[in-house]
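**Q** Read off the chains here:
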Amino acid sequence: MTPVLLAIAALFAYGVPATLMLDPRARGAKLAGLGLLYGSGIVFFAMLVLSVFDVPWTLPLIATIAFLLAATFRALRISLPAGEGGRRPGEGRVTGLTVAVHALTALTLISYAFYATLAPLWEWDFWAIWGLKARVFFEHRGLDWRFLSSEWNTFAHTDYPQLVTFNYDFIALVCGGWNDRWLGLLNVAFAIALLLVVYSLARREASPLVAALATLACAATAGSRYVGLAEGALIAFGGAGVLMVRAAIVDDDEAAMRHGALLLGFAASCKNEGVALLVAVAIALTLVSRRWLLRLWPSVVIIAPWMLLRAFHHLPTDLVEGNVVARFLTHLRGIGAIVLDLSLTLVDPLLWVALIAGVLVLPNVARRRERFVLLVVAIQLAFYIASYLVTPHDVHWHISTSWTRLTRHLIVPLTVVVVLALANWLGGGEDAAHAEARSEL
Amino acid sequence: MESTRITPRRALAFACLAVIIVASVEYRLLRILFIDRTALRAAFARSADTGWYPDYPNFLRGVAAHTAPGDSIAIVVPPSKWDDGYAYAYYRASYFLAGREVLPLVTPKDAVVMSNFRRARYAAFWRVKPPANARVVWQGNGGVLVTR
Chain A
21 MTPVLLAIAA
31 LFAYGVPATL
41 MLDPRARGAK
51 LAGLGLLYGS
61 GIVFFAMLVL
71 SVFDVPWTLP
81 LIATIAFLLA
91 ATFRALRISL
101 PAGEGGRRPG
111 EGRVTGLTVA
121 VHALTALTLI
131 SYAFYATLAP
141 LWEWDFWAIW
151 GLKARVFFEH
161 RGLDWRFLSS
171 EWNTFAHTDY
181 PQLVTFNYDF
191 IALVCGGWND
201 RWLGLLNVAF
211 AIALLLVVYS
221 LARREASPLV
231 AALATLACAA
241 TAGSRYVGLA
251 EGALIAFGGA
261 GVLMVRAAIV
271 DDDEAAMRHG
281 ALLLGFAASC
291 KNEGVALLVA
301 VAIALTLVSR
311 RWLLRLWPSV
321 VIIAPWMLLR
331 AFHHLPTDLV
341 EGNVVARFLT
351 HLRGIGAIVL
361 DLSLTLVDPL
371 LWVALIAGVL
381 VLPNVARRRE
391 RFVLLVVAIQ
401 LAFYIASYLV
411 TPHDVHWHIS
421 TSWTRLTRHL
431 IVPLTVVVVL
441 ALANWLGGGE
451 DAAHAEARSE
461 L
Chain B
18 MESTRITPRR
28 ALAFACLAVI
38 IVASVEYRLL
48 RILFIDRTAL
58 RAAFARSADT
68 GWYPDYPNFL
78 RGVAAHTAPG
88 DSIAIVVPPS
98 KWDDGYAYAY
108 YRASYFLAGR
118 EVLPLVTPKD
128 AVVMSNFRRA
138 RYAAFWRVKP
148 PANARVVWQG
158 NGGVLVTR
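In order, the protein sequences belong to chains A and B.
Here the first sequence is numbered in my numbering, starting from 21 and rising by one per residue.
Here the second sequence is numbered in my numbering, starting from 18 and rising by one per residue.
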């Protein structure tokens, strides 16, 4: 276990200076959370660069490239006055109740750490997809194009982006060999990082108690139960990225936009659903706040190398293989059964009902304030449903094996904005004064 | 105060907020702190391999120890249909034998691929009797690793 913890500490060590180079204001929870996420992303990108040039991975080489990449974060730096984008932290003081809520969040994370490290990683998708590719690349000390190009290995989804697999390889390099016994700790680290970012963002506009409640509400989702898969990383990078872009829009915060763009680029490097999330964010920005759209360019820079590599090597994506239109039309005829399946297999239905009811009950002005996140969630859900309509697999099998995972991708940003908006309105916060009077407009 | 007076809408908003917080706490996860995790740990350890545990994964470890990176290995197991267990056996072998070229003898459409058997340097037979003329490299955990 200790070598895995050391490897995670090394990720953190790369990420903290990078965070500070980009955003010198970052402190406390924000610095710690972003530090881990950026460290993970920088190490992934360093290993990708070495693979592109066919240079075998070694720790000194990765450390050198990672340091150079961390230094490039300074180029993205934006000069800003001290403080959080001109916004003062939400008022209020830490009470006993706040401490109790934090304690419950910590208890959830400790429980998750026990769960994620119960045994060598057991999920089918770990040893048939994520862990398999990581182990193959570790043996090869880089991307193994023979493996990825083999017709017999398409089951491993060879087109998927490589952030998570490369993170496992980095841990294996630090440990001096492949061992899947404690790799679940990486999932725990992603969960902690996301919750730190959530808390730091929530504190910008809410009291310590409300920020703590928003963080608690995200804790169980941040700790993805699909240990070893890329879900945990995608939830962390995607959730943090969407919330950062929201902060940029709400607070006119340039630095938050830079964070959002980088985090969404790394989310797109976790899974194809992360690429879809990036597209959803771009569409939502086009509709809501067009001036921020081009600021997403760092995301494109991050994901472009892998997209080009997989196109160059003709790595197949199952959803777009064959006659997509014919499959779409066929499945469309059974849309009723598909919708029924999606409804029956929805995970945490009570939570979803409460979230949707929470959105509906909000005054219009509060809902309009959150339309970016609400649009991103709606568009991403539409993408997921569209993927079932074009799936080459049995659609009901596809739904039963993925819908519960996919819907969890969206819970964190949705929960945060609904909790903050409801609490703000109920507490008579900054938007509440005229909200109810204008709610029927 | 106008902005904080209690209205049905505010009551509903408060209820939504309360349900979101309560519903998002994972009580089953919290229980893990207070139970004896030994049985759970054992169940998780064997969950990847179910009925094939522990012989098949141990056999694959033995195959890995007796082959070198880059070697090609065909997998022969009792299930002859993809969804009846061959897919599991092949995927699991791919994981334990990473660095080698693992070749299936059955496709997802249940077609037999004898060309892979001929191409492979080794064949890993698990609970299947290898040909009489095959040269045994190693055997154990219910299986035999052979080469030509």
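Source of the hints: derived by calculation from the structure; they are not laboratory data.
Computed from a predicted structure; not experimentally measured.
Glycine included, each C-beta is placed from N, C-alpha and C at the ideal position.
Hints are supplied without guarantee of correctness; some may be wrong.
Unchecked claim - The calculated lysine to any residue pairs, modelled on SDA-like cross-linking and capped at a C-alpha distance of 20 Å, are: (1) Lys98/B / Arg278/A; (2) Lys126/B / Val270/A; (3) Lys126/B / Asp338/A; (4) Lys146/B / Ala85/B; (5) Lys126/B / Pro412/A; (6) Lys126/B / Ser170/A; (7) Lys126/B / Leu366/A; (8) Lys126/B / Pro336/A; (9) Lys126/B / Phe175/A; (10) Lys126/B / Thr115/A; (11) Lys126/B / Asn343/A; (12) Lys126/B / Ala302/A; (13) Lys98/B / Trp417/A; (14) Lys98/B / Arg165/B; (15) Lys98/B / Arg58/B; (16) Lys126/B / Val415/A; (17) Lys126/B / Trp372/A; (18) Lys126/B / Asp164/A; (19) Lys98/B / His413/A; (20) Lys98/B / Leu339/A; (21) Lys98/B / Gly116/B; (22) Lys98/B / Thr337/A; (23) Lys98/B / Trp172/A; (24) Lys98/B / Ile52/B; (25) Lys126/B / Trp172/A; (26) Lys98/B / Glu341/A; (27) Lys98/B / Gly342/A; (28) Lys126/B / Gly342/A; (29) Lys126/B / Leu394/A.
What the hints assert, rightly or not - Across the chosen pairs, the derived CB separations fall in these ranges: (30) Leu349/A / Arg22/B: 46 to 56 Å; (31) Tyr44/B / Val75/A: 25 to 35 Å; (32) Ser363/A / Thr164/B: 37 to 47 Å; (33) Thr365/A / Ala60/B: 47 to 57 Å; (34) Pro148/B / Thr365/A: 38 to 48 Å; (35) Ile23/B / Val321/A: 43 to 53 Å; (36) Pro125/B / Val119/A: 49 to 59 Å; (37) Gly157/B / Met21/A: 46 to 56 Å; (38) Met21/A / Asp53/B: 39 to 49 Å; (39) Asp53/B / Ala346/A: 47 to 57 Å; (40) Pro71/B / Leu349/A: 29 to 39 Å.
**Q** Against this structure, judge whether each hint is valid.
**A** How the hints compare with the structure:
1. In summary, the hint linking Lys98/B to Arg278/A is not supported, as the alpha carbons are separated by about 51 Å, beyond the 20 Å threshold.
2. Among the hinted pairs, Lys126/B with Val270/A is inconsistent with the structure: their alpha-carbon atoms are about 53 Å apart, more than 20 Å.
3. For a cut-off of 20 Å, the pair hint linking Lys126/B to Asp338/A stands: about 16 Å separates their Cα positions.
4. Restraint check for Lys146/B and Ala85/B: not satisfied, since their Cα atoms lie roughly 23 Å apart, outside the 20 Å limit.
5. For the hint linking Lys126/B to Pro412/A, the alpha-carbon distance of about 14 Å falls within 20 Å, and the restraint holds.
6. About 17 Å separates the Cα atoms of Lys126/B and Ser170/A, which keeps this hinted pair within 20 Å; it holds.
7. For the given pair, Lys126/B sits about 31 Å from Leu366/A by alpha-carbon distance, which is inconsistent with the 20 Å threshold.
8. For the proposed pair Lys126/B and Pro336/A, the alpha carbon gap of about 18 Å is at most 20 Å, so the pair holds.
9. Pair hint Lys126/B plus Phe175/A holds up; C-alpha atoms about 13 Å apart against a cutoff of 20 Å.
10. Using a Cα cut-off of 20 Å, the hinted pair Lys126/B and Thr115/A is violated, with the two alpha carbons roughly 62 Å apart.
11. Restraint check for Lys126/B and Asn343/A: satisfied, since their Cα atoms lie roughly 19 Å apart, inside the 20 Å limit.
12. Proximity of Lys126/B to Ala302/A is assessed by CA-CA distance (about 40 Å); at most 20 Å being required, the pair is judged violated.
13. Simply put, Lys98/B and Trp417/A have alpha-carbon atoms about 19 Å apart, close enough for the 20 Å limit, and the pair holds.
14. Distance check on the hinted pair: Lys98/B and Arg165/B sit about 25 Å apart at the alpha-carbon level, beyond 20 Å; violated.
15. For the hint pairing Lys98/B with Arg58/B, the CA-to-CA distance comes to about 31 Å; that exceeds 20 Å, so the pair is violated.
16. Note on Lys126/B and Val415/A: the hinted pairing holds, with a Cα-Cα distance of about 18 Å set against a maximum of 20 Å.
17. For the suggested pair Lys126/B and Trp372/A, the alpha carbons sit about 39 Å apart, so the restraint of at most 20 Å is broken.
18. Distance restraint check for Lys126/B and Asp164/A: the Cα-Cα separation of roughly 26 Å exceeds the 20 Å cut-off, and the hinted pair is therefore not satisfied.
19. The suggested pairing of Lys98/B with His413/A holds, with an alpha-carbon distance near 18 Å, which does not exceed 20 Å.
20. Between Lys98/B and Leu339/A the alpha-carbon distance is near 24 Å, which puts this suggested pair outside the 20 Å criterion.
21. A hinted pair counts as satisfied when its Cα atoms are at most 20 Å apart, and Lys98/B with Gly116/B does not qualify at roughly 26 Å.
22. Of the pairs offered as hints, the one joining Lys98/B and Thr337/A is violated, with about 25 Å between alpha carbons and a cut-off of 20 Å exceeded.
23. A C-alpha spacing of about 16 Å is found between Lys98/B and Trp172/A, which places the hinted pair at or below 20 Å, so the restraint holds.
24. Restraint check: the Cα-Cα separation between Lys98/B and Ile52/B comes to about 40 Å, which exceeds 20 Å; the hinted pair is violated.
25. Between Lys126/B and Trp172/A the CA atoms are separated by roughly 13 Å; this keeps the pair inside 20 Å, and the hint holds.
26. Using a Cα cut-off of 20 Å, the hinted pair Lys98/B and Glu341/A is violated, with the two alpha carbons roughly 24 Å apart.
27. The suggested pairing of Lys98/B with Gly342/A is violated, with an alpha-carbon distance near 24 Å, which exceeds 20 Å.
28. Annotation: proposed proximity of Lys126/B to Gly342/A holds, straight-line Cα distance about 16 Å (limit 20 Å).
29. The hinted pair formed by Lys126/B and Leu394/A fails the criterion: a straight-line CA distance of about 42 Å is larger than 20 Å.
30. Between Leu349/A and Arg22/B the CB atoms are about 54 Å apart, so this pair conforms to the stated range of 46 to 56 Å.
31. A hinted range of 25 to 35 Å for the beta carbons of Tyr44/B and Val75/A is inconsistent with their spacing of about 49 Å.
32. Take Ser363/A and Thr164/B: their Cβ atoms lie about 54 Å apart, and the range 37 to 47 Å is violated.
33. Take Thr365/A and Ala60/B: their Cβ atoms lie about 24 Å apart, and the range 47 to 57 Å is violated.
34. For Pro148/B paired with Thr365/A, a C-beta distance near 47 Å keeps the hint of 38 to 48 Å intact.
35. In this structure, Ile23/B and Val321/A meet the distance hint of 43 to 53 Å, their C-beta atoms being roughly 51 Å apart.
36. For the pair Pro125/B and Val119/A, the supplied restraint of 49 to 59 Å holds, since their beta-carbon distance comes to about 54 Å.
37. Between Gly157/B and Met21/A the beta carbon distance is about 30 Å. The supplied range of 46 to 56 Å is therefore violated.
38. For Met21/A and Asp53/B, the hinted distance range of 39 to 49 Å is not satisfied, since their beta carbons lie about 21 Å from each other.
39. The supplied range of 47 to 57 Å is met by Asp53/B and Ala346/A, whose beta-carbon atoms lie about 54 Å from each other.
40. The hinted window of 29 to 39 Å between Pro71/B and Leu349/A is violated, with their beta carbons roughly 48 Å apart.
Hint compliance for this structure: hints 1, 2, 4, 7, 10, 12, 14, 15, 17, 18, 20, 21, 22, 24, 26, 27, 29, 31, 32, 33, 37, 38 and 40 are broken, all remaining hints hold.
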